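Peer 1: Sequences are here, hints too, so could you generate the full structure?
Each residue of the sequence shown is one higher than the one before, starting from 2 at the first, in my numbering.
It is worth saying that the hints were derived from the structure and are not from the lab. The structure presented is a predicted model; accordingly, all values stated were derived computationally and were not measured. Errors might be hidden in some of the hints.
Distance condition first, Cα-Cα at most 30 Å in a straight line; then the derived DSBU-like pairs of lysine-lysine [said to hold, decoys possible]:
#1 K105 <-> K200
#2 K205 <-> K300
#3 K200 <-> K147
#4 K144 <-> K82
#5 K200 <-> K217
#6 K104 <-> K165
#7 K165 <-> K200
#8 K205 <-> K82
#9 K105 <-> K147
#10 K210 <-> K105
#11 K64 <-> K105
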Amino acid sequence: MDFDFSVTESLAAFKDADKHSFNVENADNLLSQVTEELALRTESIGQFAIFDPLETLALGYLKLPVNLQYQLCYLISSSLKHQAENTNVILESGDVEQFVLYKKLLELYGYLAHCILTLTAMDESIASASKSRGSSLTNQQKKHIKNANSQIADGLEAITVVLKLSLSRLFQTTPERNTFVGLFTSAVFSVLENEDRAKELSIKMYSFKVLSMAVKFHGQASSVENSILQHLTYFQHLASTMAELLETLSTHYDYTQLTDEVLREVSQREFSDSDANGPKSISSFLIRLSELIPRVVMKHMSLVQQLLDNNSFTLRCAVVEVVGNIITDLAKSQEELDQQKSQAEGFIELLEERFMDINP
2 MDFDFSVTES LAAFKDADKH SFNVENADNL LSQVTEELAL RTESIGQFAI FDPLETLALG
62 YLKLPVNLQY QLCYLISSSL KHQAENTNVI LESGDVEQFV LYKKLLELYG YLAHCILTLT
122 AMDESIASAS KSRGSSLTNQ QKKHIKNANS QIADGLEAIT VVLKLSLSRL FQTTPERNTF
182 VGLFTSAVFS VLENEDRAKE LSIKMYSFKV LSMAVKFHGQ ASSVENSILQ HLTYFQHLAS
242 TMAELLETLS THYDYTQLTD EVLREVSQRE FSDSDANGPK SISSFLIRLS ELIPRVVMKH
302 MSLVQQLLDN NSFTLRCAVV EVVGNIITDL AKSQEELDQQ KSQAEGFIEL LEERFMDINP
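Peer 2: Written out as structure tokens, the structure is:
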């Protein structure tokens, strides 16, 4: 590399900047220039003459013509994927002297991928088209949404290739690794904040994969837990999505610890009498989670039952439904029901007791 780069400083500057203030002059030529170089060698991003125009294009994403947006997204996601593959070769070869360089190259691409995904999530043309919905969408709008979603999915897929790497060998300190992986996890949550994108199967699938790999293999449980709790509070449409994420972690990655911690935090939540959205979101989350992984929830019913003392009638009703889902699951097997007989009877007694709850 022929220049200094701090991912922490660049990320902070990006977060503080007015995302609509960036302008790009001669964007077509700039993109052609960097595309030609990176197509030959993805390591060329380590040259300031390549990185600088590429960063300019990424920061100015919202002002670019749609066709250049697509080209830029493809360039960054494909280059990130290829660079990750090249890095894996270096790691497997044990060429320690190259580790510092390849770490920096990944940081450059990771930072640009973060910027692009975050700005794509802010794209007003997508947001306004999504609000139109259904038959009122023009063919051009439908095509734009489809292409944009495809670009996001490709970017997320490239990130999964990065997360397959043994990053602890490249990043010597935990804060360094957390900052790097956080580039991707925070961008994923930004994408999911759009309700329509959160429903898009390919985006949701790759989002879950990125977050699950970050938690399972790169020590991001605490960070992802905080993001889940925050998004349950402010984005009601993510209640079911967050439950599905935890089910993916539990079922496909054999990692239930995050579910344990989220349930512990949720059970201690207090809501003001004027807050209708918070209890509704948490209720939807708990009900969906108990449908997907009832046995995991059952292990923590002592925590969940604390919500029966909550002042929210919605939450108290949700606990009753959670209990019902657990009993329904146990009843699928007579053998299981017999083994858990005392606990099942306790749940039934709880249901009978709560049927008398008529307090608003």
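Peer 1: All the hints need checking, so say for each whether the structure fits it.
Peer 2: Right, here's what the structure says about each hint:
Distance restraint check for K105 and K200: the Cα-Cα separation of roughly 34 Å exceeds the 30 Å cut-off, and the hinted pair is therefore not satisfied. As the CA atoms of K205 and K300 are separated by approximately 27 Å, the hinted pair is consistent with the 30 Å bound. A threshold of 30 Å between alpha carbons decides the hint, and for K200 with K147 the separation of about 13 Å falls inside it, so the pair holds. Proximity of K144 to K82 is assessed by CA-CA distance (about 25 Å); at most 30 Å being required, the pair is judged to hold.
Between K200 and K217, the direct Cα distance comes to roughly 24 Å. Compliance with the 30 Å bound is thereby established for this hinted pair. Pair hint K104 plus K165 holds up; C-alpha atoms about 14 Å apart against a cutoff of 30 Å. A distance of roughly 25 Å separates the Cα atoms of K165 and K200; the hinted pair therefore holds under the 30 Å criterion. Our distance criterion of 30 Å between C-alpha atoms is met by K205 and K82, whose separation comes to about 19 Å.
As the CA atoms of K105 and K147 are separated by approximately 33 Å, the hinted pair breaks the 30 Å bound. Distance check on the hinted pair: K210 and K105 sit about 24 Å apart at the alpha-carbon level, within 30 Å; holds. As the CA atoms of K64 and K105 are separated by approximately 28 Å, the hinted pair is consistent with the 30 Å bound.
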